[in-house]
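According to numbering that gives the first Met the number 0, the sequence shown is numbered sequentially starting from 0.
These are computed hints drawn from the structure, not numbers from a lab. Keep in mind that a hint or two might mislead.
Unchecked claim - Straight-line alpha carbon distances no greater than 16 Å define the calculated EDC-like cross-link-like pairs of lysine to aspartate or glutamate that follow: (1) Lys164 - Asp49; (2) Lys192 - Asp161; (3) Lys221 - Glu187; (4) Lys192 - Glu163.
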Amino acid sequence: MRRMQSSGTVTLIAHRGASALLPEHTLAAYQRALNDGADCIEPDLVMTRDGVLVARHDRDLAASTDIASCAEFAAYAVPRARGAGTAPGWPCENLGFAQVQQLRATEPMPSLRGRAHDGRFAVPSFDEIVEFAESASRRVGRLIGVIPEIKHSTYFHSLGLDPEKALLDAIDRHAYLRTAPFGVQSFEVGNLKRLHEATRDFPNVFMAQLIADLDHRPADRKDMCYADMLEPVGLADIARYAQVLAVHTPRVLPIDPATGAPAAPTSLVAEAHAAGLAVYAWTLRPENCFLPPAWRCQGDSSTRCEAGARRELQALIEAGVDGVFADDPGLCRRCMEAGAN
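Using the sequences and the hints given, assemble the complete structure.
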């Protein structure tokens, strides 16, 4: 079975890089993550007008770049919903890659993580990320995994853009993607099936099916919701085209509303393993607001709580997950190493 291999017992994935410490989806954040012991890096991929894959979590570049302060891009603004009203937005697909290269990354959660690093780092293309991973692999003497998430595939296809072909073209251009651990994630289904078929000759490549809120439906499927996908028949179907099931942590560790602490683990890990799927959990974040209420430290929602983060990671490991997505891979690596001693 094609599957990501870790340097330890659990695969440690740098969620958007070391995004708790540096602006997400920048080469600096990826480098920090690797320095801190991540097994692989995770870029979210959207597309520019001219079909280049770039690393941003949101199509709207206002969420994580300085585009709103760049006068030359004012004409590209479009109204976007913001709370009860609207505000200017800059969809990535309205700009060419050369224009995106002029932008600089900003922190998308400044109330939690500040703005000390805003304006310092460029927005990388997927090609640049692969070249970075290959170079880093040579420096550290181990293969660095790359696990991108294709964002909004159906929407981009409606514009005449094809993110799956762009990924396949990248495999053709970069020998590294044909040898290093390379996984593709998506909340959609058809794109993973297409890529699974197209990469059968590459045992290093694997697919990871992301699961959103259980009552929601994949953008390309109207016949089922995510809850259906977690039933035995649904898991068996996923195993036909994917090797990993990637789920939000409460799918593994549900929170007991009476205590604010995780209850006993669900049976999902065992059921996924029985279907032949590894289970990766997302996302481990060290701030109080992301932790189970009972495991938070004294302070406000933005307080960094390493003790609570370690407890959450350890509980997931004990529940049998095969991988975790983490905003602070260094904290997780230290916890893993301490647990192994």
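These are the hints, each one checked on the structure:
{"no.": "1", "hint": "Lys164 - Asp49", "result": "holds (13 Å)"}
{"no.": "2", "hint": "Lys192 - Asp161", "result": "holds (15 Å)"}
{"no.": "3", "hint": "Lys221 - Glu187", "result": "holds (11 Å)"}
{"no.": "4", "hint": "Lys192 - Glu163", "result": "holds (10 Å)"}
In summary, the structure agrees with every hint in the numbered list given earlier.
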